[in-house]
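Asker: These protein sequences, in sequence, are chains X and D. Per this note's numbering, residue 41 is the first one in the first sequence, and the count goes up by one each step. Per this note's numbering, residue 10 is the first one in the second sequence, and the count goes up by one each step.
Don't read these hints as lab results, they were simulated from the structure. Among the hints, a few may not be true.
Simulated DEER-style distance windows between Cβ atoms [stated by the list, open to error]:
| id | chain 1 | residue 1 | chain 2 | residue 2 | range |
| --- | --- | --- | --- | --- | --- |
| 1 | D | Ala123 | X | Thr123 | 54 to 64 Å |
| 2 | X | Arg57 | D | Leu51 | 32 to 42 Å |
| 3 | X | Phe367 | D | Arg12 | 57 to 67 Å |
Here a beta-carbon is modelled for each residue, glycine too, at the ideal position from N, C-alpha and C.
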Amino acid sequence: MYVAVKGGEAAIANAHRLLADRRRGDRSVPALRLDQIAEQLALGVDRVMSEGSLYDRELAALAVVQARGDMIEAIFLVRAYRTTLPRFGYTCPVDTGAMQVERRVSATYKDLPGGQVLGPTFDYTHRLLDPELAAGGDVEAPTERPAEAEAMPRVSSILAHEGLIEADGDMPLDHVPGDITREPLQFPMARDIRLQALSRGDEGFLLALGYSTQRGYARNHPFVGEIRIGEVELELDVPELPFAVPLGAIRVTECQMVNQFKGSAKAPPQFTRGYGLVFGQSERKAMAMALCDRALRASELGEDVVAAAQDEEFVISHSDNVQATGFVEHLKLPHYVDFQAELDLVRRMRAEYEARENENRAEDKREAAE
Amino acid sequence: MRRQEAREQAERKAMMAILAQAKADEIARLWSEAGLPSEAELLRGPETGLVTVRGRIGGGGAPFNVGEATVTRATVRLPSGQVGHSYALGRDKGKARLAAIADALWQEPAHREAVETGLVAPLRAALEEAREKRRVETAATKVDFFTMVRGED
């Protein structure tokens, strides 16, 4: 017999009201405005856009404050919002070579066209907490230097001339890019679909997997060919206009990882590549994505699949933190009936076990007496 | 004739690119300063939706889907019958409406000059100034390598 149990309505309503109160916190402290979050917690907002898979700074800032700074909750909110909107189409592929670059470094070439441009980086800081920031002091305006108009071609296109590095990843001409928001995941999957999943994947998960490849689990000797951060312009083909309509610009981070490769039955010795492209400024995520992309190309390049980072089904099925948190966190919801059934089962098994034990003991005694 | 048509399309696209990147309050301010007419019938929207942003594998290879972005669009018809469109990232419906009217006005010879000088030119100048500022700030972080001679020989 199953008896439905209801209740908790008032408790839930009060819990949400309490949540709103705790979210606001001490009323004598000014409430955060969305523009403060978007401007001053910009990289947190970028992470929400990247893993929420929705480029909209204002919405991401709202999600951050609504989630009390819980990033995965904020990402969840953004993902849920996305599903309420109609889709107008697919943009023309962005041209990262034409990016308005705000940072661009290469670890493989010192003197490359356009140079090494550090931009607003944490690199080379001493990681000392800054008490002046706590005091809210004024901040100096950035230094300016006249910029010569110099093209900044992607490093990969420079290296390509020698033929020692593989080309950008091509697909058959009639290949239509897959879309994980439209079709369920199927393994094995093409590289384009993998990249879509990785680009929205959890930064921590991809970082750990990327790290594991460096530590020897699917070692592939990576170098940062190039990282570039900046704005790229978006265009969309629409039926009502005779040209691709410009939509404005978004900031992205691109990472070209270059990996040593000794060659296999399928490919000659050359440098192979892993690719990362993510929304916002997030080079850690872009680098981790590129490391995972390369590791996941093991079968394509004729390498043995021996480590977790090379296992496509393992990596892609577990990279989405909204799915992961949904399944882990559902465990705290009422499982009363499930658990009752399990409890009955364990009781029965225990009774049988004890009966058996008693019988064995009785038999031992009998044998000893005889 | 065909060349002129192509040039006109390029100019229209450039105008739409400026409006897409401009801030809504800037458009509204310049609009009233320039005294542009804002009477128009909405044929579609303004409505907000998504576009899926595409990148290319390795930067220049086959396309793949990166993620979505919010976009707002509108289509309007002026009392003259001229139709205009707008698309821009974000969710600003007021901006979408004004940008669509600007597109319609731009296509009318009587209004093009006013749209270009009163609206597009100052927006373009502001965008270019902001872009140039970012460029020179970025350029100051460019590394100048130098070598040091060490040891006796």
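Asker: Are the hints correct? Go through all of them and say.
Answerer: Evaluated hints:
1. D:Ala123 / X:Thr123: 54 to 64 Å: Since Ala123 of chain D and Thr123 of chain X have Cβ atoms about 42 Å apart, the given range 54 to 64 Å is violated.
2. X:Arg57 / D:Leu51: 32 to 42 Å: Once the Cβ atoms are compared, 40 Å apart, the range 32 to 42 Å for Leu51 of chain D and Arg57 of chain X holds.
3. X:Phe367 / D:Arg12: 57 to 67 Å: holds, 60 Å
Going through the hint list in order, the structure does not satisfy hint 1, though it satisfies all others.
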